[in-house]
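2 protein chains.
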Amino acid sequence: MTVKQLSLPELTEACVRLGIPGVGLWRAPVQEYGVEAAAKLVREAGLGVTTLCRGGFLTAADPAGRAEALADNRAAIDEAVTLGTDTLVLVSGGLPSGDQDLAGARERIADALGELAPYAGERGIRLAIEPLHPMFASDRCVVSTLDQALELAERFPADQVGVVVDTYHVWWDDRAPAAVARAAGRVFSFQLADWTTPLPAGVLNGRGQLGDGAVDLRAWRARVDAAGYDGPVEVELFNDELWARDGVELLEEVVERYVAHALPR
Amino acid sequence: MTVKQLSLPELTEACVRLGIPGVGLWRAPVQEYGVEAAAKLVREAGLGVTTLCRGGFLTAADPAGRAEALADNRAAIDEAVTLGTDTLVLVSGGLPSGDQDLAGARERIADALGELAPYAGERGIRLAIEPLHPMFASDRCVVSTLDQALELAERFPADQVGVVVDTYHVWWDDRAPAAVARAAGRVFSFQLADWTTPLPAGVLNGRGQLGDGAVDLRAWRARVDAAGYDGPVEVELFNDELWARDGVELLEEVVERYVAHALPR
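Going line by line, the protein sequences match chains F and B.
Under my numbering, the first residue of the first sequence is numbered -12, with each subsequent residue one higher.
Under my numbering, the first residue of the second sequence is numbered -12, with each subsequent residue one higher.
Mixed in with the good hints there might be a few duds.
Calculated Cβ distances over 12 angstroms to all of chain B for the following chain F residues [as the list claims (entries may be wrong)]:
no.: 1; residue: G85
no.: 2; residue: G218
no.: 3; residue: V220
no.: 4; residue: A247
Ranges of calculated distance between the beta carbons of each label pair, as one might list FRET restraints [stated by the list, open to error]:
no.: 5; chain 1: B; residue 1: A188; chain 2: F; residue 2: P16; range: 19 to 29 angstroms
no.: 6; chain 1: B; residue 1: Q(-8); chain 2: F; residue 2: G85; range: 26 to 36 angstroms
no.: 7; chain 1: F; residue 1: E141; chain 2: B; residue 2: R252; range: 17 to 27 angstroms
no.: 8; chain 1: F; residue 1: D98; chain 2: B; residue 2: L250; range: 47 to 57 angstroms
no.: 9; chain 1: B; residue 1: A209; chain 2: F; residue 2: D212; range: 42 to 52 angstroms
no.: 10; chain 1: B; residue 1: R110; chain 2: F; residue 2: D86; range: 38 to 48 angstroms
no.: 11; chain 1: F; residue 1: D199; chain 2: B; residue 2: A15; range: 42 to 52 angstroms
no.: 12; chain 1: F; residue 1: Y20; chain 2: B; residue 2: R142; range: 51 to 61 angstroms
Derived by calculation from the structure, the hints in this document are not laboratory data.
Beta carbons are placed, not taken as given, at the ideal position from N, Cα and C, and that holds for glycine.
Next comes chain F alone, as it looks inside the complex (with noise of 0.2 angstroms):
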């Protein structure tokens, strides 16, 4: 999504020609291209997929709802394996229309998960929680914190339910350090963006280029090495200004600011 402006193949070839080991994948441009050229495609090329995004979306009240969330992700999980991902990251999903009740619909979340983690887990594949930023609360993910997300999580055993941790979604969170410590084991995903300011309308595009922000990336780098981490590491920046520019130069400003501002030193 960093560089949705490129295709599936140009991406690939620029991952490569970038030494760029692996990449994450959305569900709408896979489907487009078609899951198993697309698995095929990038399997080709030798590179890695580090997660798919996103199943989720697990707030409905409504049995039809409900039935149709689940029968979503199931396809997502299949669509995981299809690509050669262990991870498939979830999106939670926010309040359904009229509803005010957030801890009701956490608890909705969970019993979706009580039916979709052993489907998962069977087929090789972990689900990631991811912790949204308490602004996307009513409309997105009523999962806030990491500390919600691990209370999710630790239903499950840990090799089928973790988290991810997105540094933009976290990073103002005084109390998500000791939730990456207590989350070893459990951190699936890792992600980067860096906050900048002012948010544009709708708030969902504004994520900022590593090194643009507020965000110590290295710091919370080194958290979740020391919790253990060894997976890969994603950029997920959504930003309509960088979605403007050339998306192979965008990858490569990426590689840059990664190196300057994430890499350990």
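Starting from the known structure of chain F, arrange chain B on it as the hints suggest.
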């Protein structure tokens, strides 16, 4: 600020007519009108001044910026005395440019409170630390949760430094209800606004009219009541769409919404 389209005389007249017993004032319009004149206007209308907004912005790291902030806060305390309120609301301030150390900025707030709290206390003014939503952490207020606000306030006497509970800023936080209980005796102001999406660019002026959004206002009211709070309830809406409407009509609507969504049943 909810009806900033009204002049101070229009505001006081409308409050009296609608049976609103007190009003929270902001420094800029009061200074424009004249602090003494505003005090006289409100007093002669028989209205209380619930709070003065706002002091704060105490995170400057350089001596000159720090001295300037302290002087400005002393002036705000003096204005509060003149206006006849006992509470100055503090918006603590964001990160200085290039700074990524949230904890360090919060310690500078504590240092500044050490200088300001006695000055305020001698004049009968209480300092109320307002945690702002985490989306403001970098540029407006490094105090993002009620727990953080209390950790600062509790270093000082309970009649000198306390907190603001504003539903807009804390509604998403599953730890805030326990923090409200812990804040018993230190809740100096209780403010209502609803959470609606999409957020506008800059995210400052998108606070929802009571009843339009995701916040269970009556539940928060009950929590604050249970903590022994018996002070005024303020409605604080920053909203470009509401500001474009007739101010008196809007104020009437606020009263209706308050009764419908926040008054204990």
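For each hint, the structure was consulted:
Against chain B, the non-interface label of F:G85 is violated: not every CB pair exceeds 12 angstroms, the least being about 9 angstroms. Every Cβ of chain B is farther than 12 angstroms from the Cβ of F:G218; the closest lies at roughly 25 angstroms, confirming the non-interface assignment. With a minimum CB-CB distance of about 19 angstroms to chain B, F:V220 clears the 12 angstroms threshold, and the non-interface call stands. The Cβ of F:A247 lies farther than 12 angstroms from every Cβ of chain B, with a closest approach of about 14 angstroms, so its non-interface assignment holds.
Distance hint check: the CB atoms of B:A188 and F:P16 are about 27 angstroms apart, consistent with the given range 19 to 29 angstroms. Between B:Q(-8) and F:G85 the beta carbons are some 30 angstroms apart, a value that agrees with the proposed interval 26 to 36 angstroms. About 37 angstroms separates the C-beta atoms of F:E141 and B:R252, a value inconsistent with the hinted range of 17 to 27 angstroms. Checked against the given bound of 47 to 57 angstroms, the beta carbons of F:D98 and B:L250, roughly 35 angstroms apart, lie outside it.
A hinted range of 42 to 52 angstroms for the beta carbons of B:A209 and F:D212 is consistent with their spacing of about 44 angstroms. Here the CB-CB span from B:R110 to F:D86 is close to 46 angstroms, well matched to the stated 38 to 48 angstroms. Distance hint for F:D199 and B:A15: a CB-CB separation of about 31 angstroms, inconsistent with the stated range 42 to 52 angstroms. At roughly 57 angstroms, the beta carbons of F:Y20 and B:R142 sit within the given window of 51 to 61 angstroms.
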